[in-house]
Amino acid sequence: MLLIECPWCGPRAESEYRCGGESPIVRPADPAATDDAAWADYLFYRDNVKGLSFERWHHRFGCGLWFNIARDTVSHRILAIYGITDPRPVLGPGA
Amino acid sequence: MTRYSAWSLVRAGFAGQRTWGPAWRDATPRKRYQAIIIGGGGHGLATAYYLASRHGIRDIAVLERGWIGGGNTGRNTTVIRSNYFYPESSRFYDFSLTLYEGLSRELNYNIMFSQRGMWSFAHDRHGVEMLRRSVNAMRLNGVDAEYHEADEVQRRIPGLNPSPRFPILAGLLQPRGGTARHDAVAWGYARAADSLGVDIIQNCDVTGFDIRGGRIVGVQTTQGDIAAECVGMAVAGHSSVMAERAGFRLPIISYALQAFVSEPLKPVFDTVVLAPSTGTYLSQSDKGELVIGSGLDLFPSYAQRGSLPVLEHTAAGLIDLFPQFSRVRLLRQWAGIVDVVADSTPILGESPVKGLYLNCGWGTGGFKAIPGGGFCLAHHMATGEAHPLAAAFSLDRFRTGALIDEAAASGIAH
Ligand SMILES: Cc1cc2nc3c(=O)[nH]c(=O)nc-3n(C[C@H](O)[C@H](O)[C@H](O)COP(=O)(O)OP(=O)(O)OC[C@H]3O[C@@H](n4cnc5c(N)ncnc54)[C@H](O)[C@@H]3O)c2cc1C
Ligand SMILES: [Zn+2]
Numbered sequence: 001m002l003l004i005e006c007p008w009c010g011p012r013a014e015s016e017y018r019c020g021g022e023s024p025i026v027r028p029a030d031p032a033a034t035d036d037a038a039w040a041d042y043l044f045y046r047d048n049v050k051g052l053s054f055e056r057w058h059h060r061f062g063c064g065l066w067f068n069i070a071r072d073t074v075s076h077r078i079l080a081i082y083g084i085t086d087p088r089p090v091l092g093p094g095a
Numbered sequence: 001m002t003r004y005s006a007w008s009l010v011r012a013g014f015a016g017q018r019t020w021g022p023a024w025r026d027a028t029p030r031k032r033y034q035a036i037i038i039g040g041g042g043h044g045l046a047t048a049y050y051l052a053s054r055h056g057i058r059d060i061a062v063l064e065r066g067w068i069g070g071g072n073t074g075r076n077t078t079v080i081r082s083n084y085f086y087p088e089s090s091r092f093y094d095f096s097l098t099l100y101e102g103l104s105r106e107l108n109y110n111i112m113f114s115q116r117g118m119w120s121f122a123h124d125r126h127g128v129e130m131l132r133r134s135v136n137a138m139r140l141n142g143v144d145a146e147y148h149e150a151d152e153v154q155r156r157i158p159g160l161n162p163s164p165r166f167p168i169l170a171g172l173l174q175p176r177g178g179t180a181r182h183d184a185v186a187w188g189y190a191r192a193a194d195s196l197g198v199d200i201i202q203n204c205d206v207t208g209f210d211i212r213g214g215r216i217v218g219v220q221t222t223q224g225d226i227a228a229e230c231v232g233m234a235v236a237g238h239s240s241v242m243a244e245r246a247g248f249r250l251p252i253i254s255y256a257l258q259a260f261v262s263e264p265l266k267p268v269f270d271t272v273v274l275a276p277s278t279g280t281y282l283s284q285s286d287k288g289e290l291v292i293g294s295g296l297d298l299f300p301s302y303a304q305r306g307s308l309p310v311l312e313h314t315a316a317g318l319i320d321l322f323p324q325f326s327r328v329r330l331l332r333q334w335a336g337i338v339d340v341v342a343d344s345t346p347i348l349g350e351s352p353v354k355g356l357y358l359n360c361g362w363g364t365g366g367f368k369a370i371p372g373g374g375f376c377l378a379h380h381m382a383t384g385e386a387h388p389l390a391a392a393f394s395l396d397r398f399r400t401g402a403l404i405d406e407a408a409a410s411g412i413a414h
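Just so you know, the sequences run in chain order G and F.
Under our numbering, think of the first position of the first sequence as 1, with each following residue one higher.
Under our numbering, think of the first position of the second sequence as 1, with each following residue one higher.
The hints are simulated quantities; they were obtained by calculation from the structure and are not laboratory data.
Just so you know, nobody snuck in bad clues.
Pair by pair, the computed Cβ-Cβ distance ranges are:
1) Ala-29/G <-> Arg-30/F: 49 to 55 Å
2) Arg-30/F <-> Arg-77/G: 40 to 46 Å
3) Arg-30/F <-> Leu-43/G: 40 to 46 Å
4) Glu-152/F <-> Leu-43/G: 42 to 48 Å
5) Ala-80/G <-> Pro-323/F: 40 to 46 Å
6) Ile-25/G <-> Trp-67/F: 33 to 39 Å
7) Pro-28/G <-> Arg-125/F: 37 to 43 Å
8) Leu-43/G <-> Arg-125/F: 31 to 37 Å
9) Lys-287/F <-> Ser-15/G: 28 to 34 Å
Idealized CB from N, CA, C, for every residue including glycine.
Between the sequences and the hints, there should be enough to build the whole structure, so can you do that?
Encoded structure:
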């Protein structure tokens with residue numbers, strides 16, 4: 001069970017949240033000028049990292065806030081929690 | 001290699017069962033092979049076997065990081081079925097099921113395939129309509145399927161709760177569906193491939209690729225560099241990790257999928273059941289354990305263990321269907337890392353690197369696909385052309401938009 005610290009509500013159980021996948025995923029600015037391969041890349045292709053991963057979470061059965069988490073996908077340790085529009089934090093090797 | 005038969009059993013019996021040799025050689029890698037398969041799960045081993053048996057290519061190594069069958073193949077709940085919606089999937093999975101039907105004989109290895117039938121339920125009016133649609137689609141695609149009303153479902157399934165929280169209004173039965181022994185599938189393919197000259201190399205982690213001019217020429221491993229003319233990759237949840245080492249990305253997300261077994265019971269349950277209301281499914285193994293599964297832990301994971309909320313949800317779902325199991329104890333809980341794609345359809349065929357072939361994207365349902373997946377990948381590697389049954393499963397479909405959206409269509413977990 002993950003204990004996730006919602007920036008608004010504080011620590012709550014994993015079952016109150018929904019994971020929204022890798023973050024940030026930026027929609028191509030000009031879809032008409034984006035070829036099929038780049039569009040597929042945007043829609044479907046992911047880094048799917050084993051280790052340090054950056055992802056969006058949604059406090060679905062809580063306050064409804066979207067925010068970002070830096071998490072290790074092997075140990076499930078949460079290394080940083082940051083705002084939905086904030087840049088990815090730089091995490092040192094000891095993080 | 002000893003041929004297994006009633007006679008060989010009796011003969012070994014007179015010798016106190018002490019005469020059995022190993023079922024495959026523990027090979028050490030050579031410097032070069034015609035073909036290398038990365039991943040000693042069912043798909044990798046089946047690919048090697050069909051390359052050797054159908055295409056006469058015997059200069060093959062299967063490289064497995066741990067022990068063969070230690071990935072999802074040895075962790076799955078062994079349900080085999082072909083109740084898909086689209087023609088492409090139906091054709092492929094039904095072909096795979098057909099190969100399963102003859103597999104014990106073909107491999108001379110008892111994979112204990114038991115066609116006890118597989119049920120899925122409808123719990124509301126919309127569910128009933130979807131179920132009828134599924135039955136019709138399956139029949140149109142030439143796959144066996146039966147639609148049954150509630151009373152027939154209750155009559156046929158032993159011990160089913162007559163009034164669960166989510167009522168059971170109808171059931172879809174695929175009579176040819178069933179279960180098999182998962183380890184035996186890996187071991188049977190390994191033994192048969194080995195006897196045709198395939199080297200099975202365990203504890204051999206593939207750490208990198210040798211790529212020259214966009215073409216694969218070999219792999220780097222913890223047991224040294226090995227050259228190859230072509231390489232097939234069947235590493236399930238680790239596909240993205242391997243792709244990164246080869247310089248490309250995949251449309252895959254890795255999740256943990258859990259399963260549970262109870263303490264062994266006398267035979268009490270002679271079929272396979274899936275309840276979409278809770279995602280719970282159940283069968284009973286030949287050892288007597290109840291084999292229980294449900295949905296994914298819905299966040300990316302490379303940890304082969306599951307989270308408690310899913311365990312709790314699954315247990316609740318099981319007890320709703322079969323209240324009499326409430327005091328049965330679970331013996332083990334575990335998870336495997338599955339390779340999920342947006343349309344729940346596999347990726348089989350070419351990768352962006354020439355000579356490197358993909359077999360992945362099976363998600364939560366690739367055990368049933370092992371014979372078919374191995375067969376089609378072997379065809380592609382040997383002939384350079386996609387097998388007609390797998391041509392629609394190319395990676396390129398994500399660019400062209402020709403997705404086969406079973407995730408939405410067949411309305412069940414895969
Ligand atoms: C709990 C659970 C229940 C399931 N239930 C069902 C079911 O009822 N029916 C069904 O059809 N499917 C089911 N599945 C899905 C099914 O198990 C998989 O789709 C299938 O086993 C995949 O086979 P595979 O050979 O591709 O992968 P695996 O068996 O996982 O084999 C991949 C192998 O690659 C190896 N590998 C990884 N990286 C490297 C490397 N760098 N170098 C060398 N080797 C490497 C791994 O060690 C592993 O042994 C279930 C899965 C799980 C986890
Ligand atoms: Zn909150």
